[in-house]
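**Student:** One line per chain: the protein sequences are A and B, in this order. Residue numbering for the first sequence follows full-length UniProt numbering, starting at 1 and increasing by one per position. Residue numbering for the second sequence follows full-length UniProt numbering, starting at 1 and increasing by one per position.
Source of the hints: derived by calculation from the structure; they are not laboratory data. For each residue, glycine too, the CB sits at the ideal point set by N, CA and C. Hints may be right or wrong, so weigh each one.
Unchecked claim - Quick list of the computed label-pair ranges, beta carbon to beta carbon:
(1) B:Pro40 <-> A:His163: 38 to 48 Å
(2) A:Gly530 <-> B:His128: 52 to 62 Å
(3) B:Asp78 <-> A:Pro476: 51 to 61 Å
What the hints assert, rightly or not - No farther apart than 20 Å at their CA atoms in a straight line, the calculated lysine to any residue pairs in the SDA-like style are these:
(4) B:Lys125 <-> A:Ser540
(5) A:Lys535 <-> B:Ile147
(6) B:Lys28 <-> A:Gly508
(7) B:Lys122 <-> A:Lys505
(8) A:Lys535 <-> B:Arg131
(9) B:Lys125 <-> A:Arg539
(10) B:Lys122 <-> A:Glu529
(11) B:Lys125 <-> A:Ile532
(12) B:Lys125 <-> A:Thr403
(13) A:Lys535 <-> B:Gln123
(14) A:Lys505 <-> A:Glu529
(15) A:Lys535 <-> B:Asp126
(16) A:Lys535 <-> B:Glu149
(17) A:Lys543 <-> B:Glu149
(18) B:Lys125 <-> A:Glu537
(19) A:Lys535 <-> B:Lys5
(20) B:Lys125 <-> A:Glu536
(21) B:Lys122 <-> A:Arg539
(22) B:Lys88 <-> A:Lys543
(23) B:Lys5 <-> B:Lys56
(24) A:Lys543 <-> B:Trp119
Stated by the list, open to error - To be clear about the criterion: a stretch of chain B counts as covered by chain A if any three or more of its residues have a C-beta under 8 Å from a C-beta of chain A, and this derived list gives those stretches:
(25) 49-60
(26) 92-105
(27) 122-132
(28) 138-146
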Amino acid sequence: MILLLPYDIQLKVFNYLDVIDLPFISLANKYYYDLLSAYRVFGRSNVFLMGNRLDLQLAEDWDNYRPAPTESHLVRDKIKVQLASQLEPLVKGIYKFQDVAIGGELFAKLHKYLPQSVRMELNITCKSKARINWDAVSDSAMEKITYLKLIGQSRNGTNILKHLNRMTNLKDVLVDGVLESHDLKTLWDVIFNVLRNTQATALEILNNPHINQCAQLLASMIPSSNLQDLTVCCCDIEDEFVQTIAKTLPDSKLKILNFQDNETITDIGYTALAEMLPKSKVKTLNLASNTLIVEDVEILSEALQHSQVTELYMSSDYDDVLSPLYENLHNLKIQWLDISIPGTASEESLINSIAQSHLESIDIDIDVDNLDEFLKEATKSKLQEIRFIASVDVQERVDIIATHIKDTPLKKLGIYQGCGVEKTLVDCFSLLSNLTKETPLTELDLSGLIVKREDITLIFLQLPFTNLTLFKIYCPEMTDKELDNLIPAINLSSLKYLLIGGRPKVSGPAVVRFISRLNNRMFRKLIMEGVILTKEEKRSIRKVLGDYPKFTVTFT
Amino acid sequence: MASVKLTTSDDKEYTLDRELIFQSNLIKNMVTDLDVFDAPIPLPNVTSSTLDIVIKYLKIHKDDPPPPDKPIEKAVDDMIDEDKELMKLEFNIMADVILAANYLDIPGLLDIGCRTVAWHIKQCKDYHEIREKFNIPKELWRSEEEIAEMKKELNGILG
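Chain A extracted, bound-state conformation (with noise of 0.2 Å):
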């Protein structure tokens, strides 16, 4: 019956149907799923449309504190699905895109029925080889891009570049691949045209070597350019590049310059970009993962004195190269630091002027033997965030952490660990139980810890004493049982977002309950990491939070 009537009647009818029906629709007809899940979600969130496959992702707003448009967003945070003939009829009836990411053969093809109101990336990659007729394509279709991704090297990427300057939209463009050598007009063509003939703002250049090549072309460019971010990571780039680029500073609009994984830098290039760094407005600098000696360490700093730079990324596995940057901190306007880096024997001058800086906001990996002293600097200081990597002795820092917590001035705190090191098991209550009211802490991240199971109850019974909005843990030996204890906790305490990671041990029935049980008002969003439900349990979820929920439940 249902297959007798016309596209828009079953969209119509696939409208009343929630996300977790489409799967055991589609089971039972050839072409059901497509329609259904693609008109289910287009509707209500991001799209992600790729080669001849659908990527259809809902909204995962984690740091965007809005509530979810429909129950969509309660059982999973992404769908695929294999795109069908009948896809093209279906799109007429999009009418809330938002953001679609999208393959250029599928653009192609779809562009007339797009809605006026999306924003389009557009993805070319490697792996395209039909002949797109860009040509073909509307100029309003064009339009509608803001973001091109050109990755690898392909025919049609190549083809796009001479249409750029239909894209008046463009804020953004990515090259990513490691080209031939015999491909390396490409490169120049997507410098020139990028720069010449759009508004784009921001230009990344990963894993092309052959950028060295363009380095001329590239600096002749900027200052004419609205170039604002310059992005060339992973690309091997020499110093000739660094200085060519670095002589354009002054006249550039750059706001953001990153040359993070280039170990071929050395000390001449980082000369030549402290040279011109304060006579830049460049804010952000990332030279993460490069290889940094104290003598470029020394450089930079001093020409980070004179700069705008607000924003510095300097991690790297060197050890103690960054001295001089420490005992200048206090001279220079960095509010943002990354140098998630062990290094003992710097950390004494880092300690020393931190009080004096101008930190809010800072990742490090600080030796136990140095966290007290640290802490107490840092509690005289202006440091709002911190995000500590700890790698050994976790157990140790989380403790000594716990005895100063009530006295920092922190908002944010996240204890992590460091790359490639397991997750410990870590006695989390006493940093939970020193926090109170007066305690300025809002979001603390523990997600980078295991939680003991006698400690969950115990943690979260200290909640309703914390001015915690965001809170984040990492429970896998969480039971029923504690789920359950923690509903009053949570209603009575502030949070709004809460994460259990972890794949805890909870049934169905128990997050069903707890979901239901739920009452504080402020609460917005939970995020349960690993847990299996059945759609019948689905289904009690969607129903307890009805059409328009309160707040989000995603399961990842």
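With chain A fixed as given, assemble chain B onto it according to the hints.
**Tutor:** The following block gives chain B in isolation, referenced to the frame of chain A:
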């Protein structure tokens, strides 16, 4: 009270109050814009048995305020008892009513028709029941291999 004449596809003629039938935007526009008053309006896509059901709906809702410009999202089974009763139809008749509502441009009827179909889909326990209930022909079934593959993928997605 002024009336409007309609002729169904099976040549049955109806004379209906304007107030009642003007819930159909199609008829309302035809009458007011095209000034069609006396001549019967042919409805080649609507049979008399379908129109009878449509008229029942119009009578239930004759005193309703005009529908809002933007449709209000409602739960699938959020409808008045009379509408629920009206929609207790065989699926092929329900499809005809939905098509008629679409053709005659009666948004309220189209809405409850679509919602009723969705409600029936939601009542199905599994895809076997959907196939059976909606009489989905075998040629549109997915193969068992495809289903196994999809289930695997869906488990990952729904995780």
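**Student:** Next step is simple, just say for each hint if it's right about the structure.
**Tutor:** Hint check:
no.	hint	verdict
1	B:Pro40 <-> A:His163: 38 to 48 Å	violated (56 Å)
2	A:Gly530 <-> B:His128: 52 to 62 Å	violated (30 Å)
3	B:Asp78 <-> A:Pro476: 51 to 61 Å	violated (41 Å)
4	B:Lys125 <-> A:Ser540	holds (15 Å)
5	A:Lys535 <-> B:Ile147	holds (17 Å)
6	B:Lys28 <-> A:Gly508	violated (52 Å)
7	B:Lys122 <-> A:Lys505	violated (29 Å)
8	A:Lys535 <-> B:Arg131	holds (19 Å)
9	B:Lys125 <-> A:Arg539	holds (13 Å)
10	B:Lys122 <-> A:Glu529	violated (27 Å)
11	B:Lys125 <-> A:Ile532	holds (19 Å)
12	B:Lys125 <-> A:Thr403	violated (55 Å)
13	A:Lys535 <-> B:Gln123	holds (12 Å)
14	A:Lys505 <-> A:Glu529	holds (11 Å)
15	A:Lys535 <-> B:Asp126	holds (10 Å)
16	A:Lys535 <-> B:Glu149	holds (19 Å)
17	A:Lys543 <-> B:Glu149	violated (30 Å)
18	B:Lys125 <-> A:Glu537	holds (14 Å)
19	A:Lys535 <-> B:Lys5	violated (50 Å)
20	B:Lys125 <-> A:Glu536	holds (10 Å)
21	B:Lys122 <-> A:Arg539	holds (10 Å)
22	B:Lys88 <-> A:Lys543	violated (24 Å)
23	B:Lys5 <-> B:Lys56	holds (17 Å)
24	A:Lys543 <-> B:Trp119	holds (14 Å)
25	49-60	violated (count 0)
26	92-105	holds (count 6)
27	122-132	holds (count 7)
28	138-146	holds (count 3)
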